[in-house]
Amino acid sequence: MNDMKDARDISDMNEDIILKTRDLKKTYMQGKIPVHALRGVDIDIKRSELVSIVGPSGSGKSTMLSIIGMLEKPTQGKVFIDNIEVTKAKNKDIPKLRREKIGFVFQHFNLLSALSALGNVEIAMRFARVPKQERITRAKEVLTEMGLGDRLKHKPSELSGGEQQRVSIARALANKPAIILADEPTGEVDTKTRELITNILQRLSGNGQTVIIVTHDPWVAERTNRIIKLVDGKLDDLLK
Amino acid sequence: MFDIILRNLTQRKIRTGLTVSGIGLGIFAVIVMGGMSENFNQTFEKSFSLTAEKIRVFSSVGVFGGGLTNSKAAEVRKVPGVEDAYGMLMAPLEEGGGMSFGGNQVTGIRPEKSQVALTPIQLKDGRFLLRGDRYVTVIGSSIATQYNIGVGDRLEIEDKNFIVVGVLEYTGSFFDANAAIPLDIAQDIYDMDDMVSLIFALPQEGVDGDLLAKRIKLSVDGVDTLSPSELKKEAEQNLRIFSVITVSAAVLAALIGGLSVMNTMLMSVMERTKEFGILKAIGAQQRDILLMTVGEASIMGLMGGLLGLVSGWAVIYGMNLWLADQGIVLFLITPRLVAVAMLFAILLGTASGIYPAIRATRMSPMEALRYE
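Chain order of the listed sequences is U and P. Residue numbers for the first sequence follow numbering that gives the first Met the number 0, beginning at 0 and rising by one. Residue numbers for the second sequence follow numbering that gives the first Met the number 0, beginning at 0 and rising by one.
Just chain U, same shape as in the assembly:
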């Protein structure tokens, strides 16, 4: 953890800012051709904000999300989460940081098919070495909060798309992360469920949870506090 403390950049952090990126660049190589997915993105997101990142396909939205989520490293630039410069963290510290700071919600839910709803939420806390009883209690609590109190023992294949996405949100919330990163969370559901999922994310934000949504859907984006638009890997405009 000392490394994490070293990574802090307190002088440049506003206590109210939970996420800050500076000059974030990411270049992939497609054979010998460089593809610039991000070309220097600076954003600041405040605690409990509900922010959407929008933009056309290939604009760098998902790359942005995966770098913030520490699933990949930027080619250049810095990411600060909760005052910690995570881009400076050692590889061995990343799983712990990811567990503590980030909760993922995926478009395709990405639930483990062999586990029940309860198991899928509980497993996230298992890697944080939370005692078993505490894990079960917490998992039941968040699933009930998502309206799935009666679906605890159902496997993903026995749940509807909306229910699966709610399990996914419950899993993201399990370790009480600083930020929820949702990648097209309504991309696979019908309009009714889209509304339900969006309402849940709004409610979470209202309760103090920072939520960042990558979406193509203007209906969802309009319901966030702020829209960040990316075009060709660059910040286009603050629309709202």
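Worth flagging that the hints you see were computed from the coordinates, not collected in a lab. Bear in mind the structure is a predicted one, so any value in this text is a computation, not a measurement. Some clues are possibly wrong.
[Claimed, not checked] The calculated BS3-like cross-link candidates involving lysine-lysine, where the alpha carbons are at most 27 Å apart (straight line), are: (1) U:K139 <-> P:K273; (2) U:K228 <-> U:K191; (3) U:K131 <-> U:K152; (4) U:K91 <-> P:K273; (5) P:K273 <-> U:K175; (6) U:K131 <-> P:K213; (7) U:K152 <-> P:K273; (8) U:K152 <-> P:K12; (9) P:K12 <-> U:K72; (10) U:K77 <-> U:K228; (11) P:K273 <-> U:K154; (12) P:K273 <-> U:K95; (13) U:K89 <-> P:K12.
For this one, chain U is given, so just place chain P on it according to the hints.
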């Protein structure tokens, strides 16, 4: 973590079953071949310990070369340092039976020397041979069991009936499959005149066996000797070669089982690429993934080991039961063999799981999540 490992294994029952069977087959070979080796080793050790002090004197043209007469025993006895010496004629008990390992044999010995020759083996029932005995025999425990005979019963040797006067305690040595009869009768029924197969010489107390063996060889014409240490060295060398051959074959079989574990784990890791990506995204560390993957392989090794052990034990039990009718014990399962086989199975499983596990841990979470 253990419940996740078990869940992963039971999710792919057929594949797990086939892999476990593969490793089980290997361990089965280790148990059966090792059991044979263990039996040979133990039989030799016990047989050797019962005759550890004695010097073998045989014809200079070899044990079965002939030319050694019982009169040579008297010459050996006269060599300074020799406490006693006696000749023995050995022949197969059953018609057509060879002097091979595990077969019953007849030993002709002068009756008054039978107790010395068979000491320290205790009598279970009856007595040793006595001077003046003729068609009587002292039998080992395997012969008693095989023929279901005891003191007072008859044993047919070369168409002659011998009355059993003594039954020896079980020793786990060659003596269990031995019927001792008076030497002159043995020479008569096998038509061997005064011939003996070999002479045992007992050193006096404090006399070095190796030196005495050399002295006998130099003092008595036409004989060669094998001191206790030479015999042990020679026999151990032969046993080692036997053990290496049997155990190598078994290890090879087990390694093939190990490769099947590695193949299964590699396939499993590839199939679960996305799952590993999800687990990493929700905070699993490299050691969690490593533990999960290696744990699965180790458990398959353990299960394969248990399967091999149980099936090997069943086959050995059946074979020993079947061979008991012929007075042969061919296999022996020792705690050492069980421990080695199980340890080998687990280590094999674990080692086979390490490479797939490393591949799993090195996956980029982003690429793993994109994997379809």
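For each hint, the structure was consulted:
1. Restraint check: the Cα-Cα separation between K139 of chain U and K273 of chain P comes to about 26 Å, which is no more than 27 Å; the hinted pair holds.
2. Between the alpha carbons of K228 of chain U and K191 of chain U the distance comes to roughly 26 Å, so the proposed pair stays at or under 27 Å and holds.
3. The suggested pairing of K131 of chain U with K152 of chain U holds, with an alpha-carbon distance near 17 Å, which does not exceed 27 Å.
4. Annotation: proposed proximity of K91 of chain U to K273 of chain P holds, straight-line Cα distance about 21 Å (limit 27 Å).
5. Taking the CA atoms of K273 of chain P and K175 of chain U, the gap is about 24 Å. The hint holds against a cut of 27 Å.
6. Between K131 of chain U and K213 of chain P the alpha-carbon distance is near 76 Å, which puts this suggested pair outside the 27 Å criterion.
7. With a CA separation close to 23 Å, the supplied pair K152 of chain U and K273 of chain P stays within the 27 Å bound.
8. Restraint check for K152 of chain U and K12 of chain P: satisfied, since their Cα atoms lie roughly 22 Å apart, inside the 27 Å limit.
9. For the given pair, K12 of chain P sits about 39 Å from K72 of chain U by alpha-carbon distance, which is inconsistent with the 27 Å threshold.
10. The suggested pairing of K77 of chain U with K228 of chain U holds, with an alpha-carbon distance near 19 Å, which does not exceed 27 Å.
11. Taking the CA atoms of K273 of chain P and K154 of chain U, the gap is about 18 Å. The hint holds against a cut of 27 Å.
12. Between the alpha carbons of K273 of chain P and K95 of chain U the distance comes to roughly 20 Å, so the proposed pair stays at or under 27 Å and holds.
13. A threshold of 27 Å between alpha carbons decides the hint, and for K89 of chain U with K12 of chain P the separation of about 39 Å lies outside it, so the pair is violated.
Checked against the numbered hints above, the structure breaks hints 6, 9 and 13 and satisfies the rest.
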